[in-house]
Amino acid sequence: MSNDTTLVLGATGKTGRRVAARLRLRGTQVRAASRSSRTRFDWSDPDGWDSALQGITSAYVVPPPVPGPVHEFVARAEAAGVQRLVLLSGHGADAWGDSTFGLDMRSAEDAVRGSALEWTVLRPSNFNQNFDEDLFHAPLVAGELALPAGAVPEPFIDLEDVADAAAAVLAEPGRHAGRIYELTGPRALTFEEAVELISRASGLPMTYKRLSPAEYTAALVAEGWGEDDAHHVAEMFVLMERGVIAETTDGIATVLGRAPRNFEDYVVRAAAAGAWRP
59 MSNDTTLVLG ATGKTGRRVA ARLRLRGTQV RAASRSSRTR FDWSDPDGWD SALQGITSAY
119 VVPPPVPGPV HEFVARAEAA GVQRLVLLSG HGADAWGDST FGLDMRSAED AVRGSALEWT
179 VLRPSNFNQN FDEDLFHAPL VAGELALPAG AVPEPFIDLE DVADAAAAVL AEPGRHAGRI
239 YELTGPRALT FEEAVELISR ASGLPMTYKR LSPAEYTAAL VAEGWGEDDA HHVAEMFVLM
299 ERGVIAETTD GIATVLGRAP RNFEDYVVRA AAAGAWRP
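In this note's numbering, each residue's number is its place in the sequence shown (first place is 1) plus 58.
These aren't lab readings, by the way, just hints derived from the structure by calculation. Even for Gly, the Cβ is constructed at its ideal location relative to N, Cα and C. Accuracy of the hints is not assured; some may be wrong.
[As the list claims (entries may be wrong)] Ranges between beta-carbon positions, derived for each pair:
# : residue 1 : residue 2 : range
1 : D286      : N61       : 16 to 26 Å
2 : L83       : D323      : 14 to 24 Å
3 : A226      : D286      : 31 to 41 Å
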């Protein structure tokens, strides 16, 4: 077992908890940090960052939903003697152009890639698990998912593959230095196709409805979302409809030496676990 310690930010979140478990299984010492962990970390409270970084060799960084803070975090990581950073970003960030979506992730990339530390950036597409652990879950349970997405497909990726890739990169110093990995599933699906597969596997009636971005924003606000947050999510779909991030990549094969899990495998696992039972 190495004496090095890896800081995992967002350790109670979708990727962080999976990454931390994999690192521990590999024999890596993990310092799990989040707003509710024993090691507390809050992007809005920089006073607590230094203690989280003390004695850390590498860090898995899940950026905050606002531009800026990662620059200060990187400076403090350098001062604390951290050697490597692995950043979670978004698929095709270089192709987002003038979109207002993802300014937080692009700011974080600038901070990490401009540092003197060894760095790697992971850019996954939308997670399969968004359908059972996040925003799309409740509408599916209710029987209808309504989004501003049409015929342009999305190369959904399984979170288990993202976590496998992150753990591998963190456990292999030097091999992935200065690399950006675009991570996708093996094929792209429209949201309508995804909902159909979930409906069939779960045996539950589910339909897909296409909304305009304005209609979707209004629907989120009606559910209690803030106007800015609702607009940000809607802008992701506007970007997706441009088709610039619809292609699949070989990122998982490059990092892990195997093909990524397919969407059907995810649907079968989640349906068997009762993910969409009312």
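Going through the hints against the structure:
Judged by the Cβ atoms, the range 16 to 26 Å given for D286 and N61 is violated: they are separated by roughly 44 Å. A C-beta distance of roughly 21 Å is found between L83 and D323, which places it inside the suggested range of 14 to 24 Å. Under the hint 31 to 41 Å, the C-beta atoms of A226 and D286, about 36 Å apart, fit the expected range.
Consistency with the previously given hints fails for number 1 only.
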